[in-house]
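J.: One letter stands for each residue in the lines below.
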Amino acid sequence: MIEHFYKVADLVFVVRADERLDLAALLRNCEPFRVASGEAVAVFDLYTSPISYPEKTFLESDDSDMGHSELFSVGGGSHYLLELSEEGKKLGMMLCNRAFTNMEVRFNPASPYAGLVVSSMIRIAFAQRVLAFGGISMHSSTILCGGRGYMFMGKSGTGKSTHTRLWMENIPGAELLNDDNPYVRVVDGRATVYGSPWSGKTPCYRNLSAPLGGIVRLYQAPYNKIRRAEDVDALNQVLPGCSVLRRDSALHEMLVDNVLAMIEATTVAALECLPDADAARTSHEFLTR
Amino acid sequence: MKTNPNLKLRKLGAKYIIVQASADAVDMSNVYTMNASAAYLWERAAKDPGIDLTAEIFAAWLVEEYDIDNATASADAAEIFETWTEMGLIQ
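Going down the list, the sequences are from chains A and B. Under my numbering, think of the first position of the first sequence as 397, with each following residue one higher. Under my numbering, think of the first position of the second sequence as 38, with each following residue one higher.
The set of hints was computed from the structure by calculation and includes no laboratory data. One or more of the hints may lead you astray.
Claimed, not checked - To give an idea of the interface, some chain A residues facing chain B are shown, with a C-beta separation under 10 Å as derived from the structure: (1) V408; (2) V410; (3) D414; (4) L417; (5) S515; (6) D627; (7) R642; (8) A646; (9) E649; (10) T663; (11) D672; (12) D674.
Said to hold, decoys possible - Between beta-carbon pairs, the in silico distance windows are: (13) A:F401 <-> B:D61: 55 to 61 Å; (14) B:E93 <-> A:A646: 42 to 48 Å; (15) A:F682 <-> B:P42: 53 to 59 Å; (16) B:G87 <-> A:F401: 46 to 52 Å; (17) A:Y619 <-> B:Y103: 53 to 59 Å; (18) A:E482 <-> B:A73: 48 to 54 Å; (19) B:A60 <-> A:R586: 47 to 53 Å.
Ideal Cβ positions, reconstructed from N, Cα and C, are used throughout, including at glycine.
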């Protein structure tokens with residue numbers, strides 16, 4: 397058996413598999429996050445054979461670019477079962493305990509999507525696990541600039557990646573930390589944003605972090621105008637972009653606590669904007685004021 | 038009717054809020070804001086889950102706690118009761 401340790405958002409998880417599996421190749425996106433060892437908060441055991449659970453209760457399903465996912469409750473509610481498929485074909489499955497400390501991941505190593513499937517399932521479970529540590533898995537495109545991290549949020553297709561590209565083209569020192577899924581942790585009232593092995597379609601897996609300088613939700617408009625958001629407004633700007641299994645009230649409560657702590661620790665704004673250089677200068681000027 | 042035991046009342050700025058995972062959309066949460074008197078009703082109701090809540094009970098509590106007349110209390114209580122029932126905050 398081989399064990400690989402990875403550290404994301406200052407939290408270690410371990411992936412264990414048969415030594416014949418080329419784990420480094422399978423989880424290429426995770427390589428920049430490898431650590432020699434560590435006290436793992438989550439354990440992922442990989443298997444290459446499926447198992448069927450006759451007693452499973454359907455909870456919900458979702459369709460994303462990862463395919464079709466179905467979530468079940470098994471073991472009388474002691475575990476969650478996630479099944480990923482594409483056009484009726486099973487891609488993988490993952491059994492998790494309620495605390496998301498121990499996961500069994502099953503996949504087909506011969507599939508060209510094997511790495512993507514395993515990585516996606518690890519991502520889903522880890523996003524739940526970090527909640528207990530003041531962590532939040534966020535959907536945003538994130539810039540590093542002047543020693544701070546700035547997250548840009550918005551519905552898919554609103555132009556987050558365009559906006560961060562405009563930062564890189566127009567704001568000296570601006571770099572991309574992650575294009576889709578950074579992590580934030582709030583510890584002792586201080587918020588830090590971290591890169592992760594998950595960055596959507598842009599392979600930007602940077603093992604870096606910075607104090608969170610601000611969060612901006614983008615809205616398409618025929619002009620550039622930014623305004624600060626506070627309290628309930630700030631919560632409403634940020635909450636939709638946070639990952640959690642919402643039907644699990646324990647997890648949902650931890651998410652809300654963490655989000656409230658995060659907005660307390662940083663600046664939140666709403667930017668109505670065009671996809672132009674002035675939009676980037678507008679948000680940059682506001683955030684670094 | 039009782040308050041949903043999974044929901045927690047929080048204070049944010051000048052408002053009280055309850056954040057509830059949406060029953061319809063898989064990835065959404067609903068943020069309900071309430072003023073201080075509605076928050077008072079919520080906390081009092083949550084403290085005693087044995088009570089079967091009605092608009093009348095809410096009205097009585099409002100009259101007890103705040104210096105308002107029965108008509109105003111009844112109107113406010115009815116509105117709160119109806120909204121909370123509709124939103125699934127009380128079940």
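J.: Give a verdict on every hint.
T.: Outcome of the hint check:
{"no.": "1", "hint": "V408", "verdict": "violated, 28 Å"}
{"no.": "2", "hint": "V410", "verdict": "violated, 28 Å"}
{"no.": "3", "hint": "D414", "verdict": "violated, 34 Å"}
{"no.": "4", "hint": "L417", "verdict": "violated, 32 Å"}
{"no.": "5", "hint": "S515", "verdict": "violated, 20 Å"}
{"no.": "6", "hint": "D627", "verdict": "holds, 3 Å"}
{"no.": "7", "hint": "R642", "verdict": "holds, 4 Å"}
{"no.": "8", "hint": "A646", "verdict": "holds, 9 Å"}
{"no.": "9", "hint": "E649", "verdict": "holds, 6 Å"}
{"no.": "10", "hint": "T663", "verdict": "violated, 15 Å"}
{"no.": "11", "hint": "D672", "verdict": "violated, 30 Å"}
{"no.": "12", "hint": "D674", "verdict": "violated, 31 Å"}
{"no.": "13", "hint": "A:F401 <-> B:D61: 55 to 61 Å", "verdict": "violated, 40 Å"}
{"no.": "14", "hint": "B:E93 <-> A:A646: 42 to 48 Å", "verdict": "violated, 34 Å"}
{"no.": "15", "hint": "A:F682 <-> B:P42: 53 to 59 Å", "verdict": "violated, 41 Å"}
{"no.": "16", "hint": "B:G87 <-> A:F401: 46 to 52 Å", "verdict": "holds, 50 Å"}
{"no.": "17", "hint": "A:Y619 <-> B:Y103: 53 to 59 Å", "verdict": "violated, 45 Å"}
{"no.": "18", "hint": "A:E482 <-> B:A73: 48 to 54 Å", "verdict": "holds, 51 Å"}
{"no.": "19", "hint": "B:A60 <-> A:R586: 47 to 53 Å", "verdict": "violated, 35 Å"}
Going down the numbered hints, you'll see the structure goes against 1, 2, 3, 4, 5, 10, 11, 12, 13, 14, 15, 17 and 19, while the others check out.
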